[in-house]
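J.: Single-letter residue listing:
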Amino acid sequence: DTEVTQTPKHLVMGMTNKKSLKCEQHMGHRAMYWYKQKAKKPPELMFVYSYEKLSINESVPSRFSPECPNSSLLNLHLHALQPEDSALYLCASSFAGPYNEQFFGPGTRLTVL
Amino acid sequence: QQQVKQSPQSLIVQKGGISIINCAYENTAFDYFPWYQQFPGKGPALLIAIRPDVSEKKEGRFTISFNKSAKQFSLHIMDSQPGDSATYFCAAIGSWGTYKYIFGTGTRLKVLA
Numbered sequence: 001d002t003e004v005t006q007t008p009k010h011l012v013m014g015m016t017n018k019k020s021l022k023c024e025q026h027m028g029h030r031a032m033y034w035y036k037q038k039a040k041k042p043p044e045l046m047f048v049y050s051y052e053k054l055s056i057n058e059s060v061p062s063r064f065s066p067e068c069p070n071s072s073l074l075n076l077h078l079h080a081l082q083p084e085d086s087a088l089y090l091c092a093s094s095f096a097g098p099y100n101e102q103f104f105g106p107g108t109r110l111t112v113l
Numbered sequence: 001q002q003q004v005k006q007s008p009q010s011l012i013v014q015k016g017g018i019s020i021i022n023c024a025y026e027n028t029a030f031d032y033f034p035w036y037q038q039f040p041g042k043g044p045a046l047l048i049a050i051r052p053d054v055s056e057k058k059e060g061r062f063t064i065s066f067n068k069s070a071k072q073f074s075l076h077i078m079d080s081q082p083g084d085s086a087t088y089f090c091a092a093i094g095s096w097g098t099y100k101y102i103f104g105t106g107t108r109l110k111v112l113a
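Residue numbers (the numbering used here), protein chains in the order written: chain U, 1 to 113; chain W, 1 to 113.
By construction, these hints were calculated from the structure, which means they are not laboratory data.
Heads up, some of the hints might be wrong.
Covered by chain W, per the in silico footprint, the following chain U stretches (three or more residues, Cβ under 8 angstroms) [stated by the list, open to error]:
id, region
1, 37-48
2, 63-69
3, 104-113
The beta-carbon is built from N, C-alpha and C at its ideal position, and this holds for glycine as well.
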């Protein structure tokens, strides 16, 4: 199984809502990543988990809260988002660190009203 | 100093032609350079990657050329096919205190049948 799955595929939320994005992989990878991608722009790294510990936080606002419950799962908790946070949120995983091939999921398309 | 400049922004090539996409970086601490292909509605997928101790790497129709002194690298797609029509991102990874994973701005390639 060489797939990274993400749920939901689409999410519409208001600025006062709390929601979560979920990412799962069963490749035995020990590094997992969250990226944000705006339309016609490159992915921007948000967070990196290495061996279930947060190793990189690219100065992301606290309204985004990552969680890695186990080595196969990665969540991104969302609260009090702004309309400018609307984007495609991509999850990726790699065997170890960033120098290994990253496998990306299809993303969650988030719209904040 | 952490930017990766990519050109052209868009590219139209006839079927069977060669597609060439260029990237340039500034920080010599970058030491791993992958190329990603992204189709609409999908996450990026790794095409090919190179380290700066190698000047060229070929995988099938895809070749990376690397010029360490000029801090430039390029992707060549030989015998371009309509199925290659996608957005291509170069990226640069380095580690100075913490990992940096920077994507180029992207090139939208269209291969005409």
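J.: If a hint holds in the structure, say so; if it does not, say that too.
T.: Quick rundown of the hints versus the structure:
no. : hint    : in the structure
1   : 37-48   : holds (count 7)
2   : 63-69   : violated (count 0)
3   : 104-113 : holds (count 4)
Consistency note: the structure conflicts with earlier hint 2 alone.
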